[in-house]
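Asks: Sequence:
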Amino acid sequence: MKNEDASSNNIGTILVVTTTILLAALVLILCTRYLYLTEWEISAIPAIFVITNVFHVDDYTGKMNYDSRIIVLHTGTKTYDNANLKAYIFRNGEPLGCAIETLNGNDFISTVHLGVQWIGYAGCSGATWAPGEMSAIDLTDGTFHPGDEVQIDIIDKSSNQIISRHKYRVS
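Per the numbering used here, residue -5 is the first one in the sequence shown, and the count goes up by one each step.
Hints listed in this document are in silico derivations from the structure and should not be mistaken for laboratory results.
Heads up, the beta-carbon is just placed ideally off N, CA and C, and yes, glycines get one too.
One or more hints might be untrue.
Once the Cα atoms are required to be at most 30 Å apart in a straight line, the calculated DSSO-like pairs of lysine-lysine come out as [to be verified]:
#, residue 1, residue 2
1, Lys80, Lys161
2, Lys80, Lys151
3, Lys72, Lys151
4, Lys57, Lys151
5, Lys72, Lys161
6, Lys161, Lys151
Estimated spans, in silico, between C-beta atoms of each pair [said to hold, decoys possible]:
#, residue 1, residue 2, range
7, Arg163, Ile8, 52 to 62 Å
8, Leu16, Ala38, 22 to 32 Å
9, Tyr115, Ser153, 22 to 32 Å
10, Leu16, Ala121, 18 to 28 Å
11, Leu22, Asp53, 50 to 60 Å
12, Asn86, Val11, 48 to 58 Å
Work the whole structure out from these sequences, hints included.
Replies: Here it is, written out as structure tokens:
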């Protein structure tokens, strides 16, 4: 029994190296998955707050002034604290730069609001925005024209996460 060396040492080494390479590849895949979000994953943000219309006509004069008043409907099932919500608005994929740091109508008055004339309606008049309630965001006249794509992102300020995204083509 002189030659009792078996080939199991070689097979064991090959198995350990193969297992290590597979685990390293799995970790690499899991880590890089978050760096490259697909279009489907980005569009997976729900549309809880939906733009239903963009008005172009001045309410008082009835004249076309591209009023740029957005009507947003809460289509979800959860009631939100509107003071804990903020909004970013985009035109044709570009941010407008207007600051809507709260969707509470009472708190909005004291904020710096570049490009936003007022916000109103039931969704922002009290402390909460309940399902089925609408809010209006009146932007500077001429902000939107027919053919523009308007996008609104609603952010939960406590988590700084986008909780709703909706796109609307202005007619």
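Asks: Would you mind marking each hint as holding or not holding in the structure?
Replies: Against the structure, the hints:
{"no.": "1", "hint": "Lys80 x Lys161", "result": "holds (17 Å)"}
{"no.": "2", "hint": "Lys80 x Lys151", "result": "holds (7 Å)"}
{"no.": "3", "hint": "Lys72 x Lys151", "result": "holds (16 Å)"}
{"no.": "4", "hint": "Lys57 x Lys151", "result": "violated (38 Å)"}
{"no.": "5", "hint": "Lys72 x Lys161", "result": "holds (21 Å)"}
{"no.": "6", "hint": "Lys161 x Lys151", "result": "holds (21 Å)"}
{"no.": "7", "hint": "Arg163 x Ile8: 52 to 62 Å", "result": "holds (59 Å)"}
{"no.": "8", "hint": "Leu16 x Ala38: 22 to 32 Å", "result": "holds (29 Å)"}
{"no.": "9", "hint": "Tyr115 x Ser153: 22 to 32 Å", "result": "holds (25 Å)"}
{"no.": "10", "hint": "Leu16 x Ala121: 18 to 28 Å", "result": "violated (54 Å)"}
{"no.": "11", "hint": "Leu22 x Asp53: 50 to 60 Å", "result": "holds (57 Å)"}
{"no.": "12", "hint": "Asn86 x Val11: 48 to 58 Å", "result": "holds (53 Å)"}
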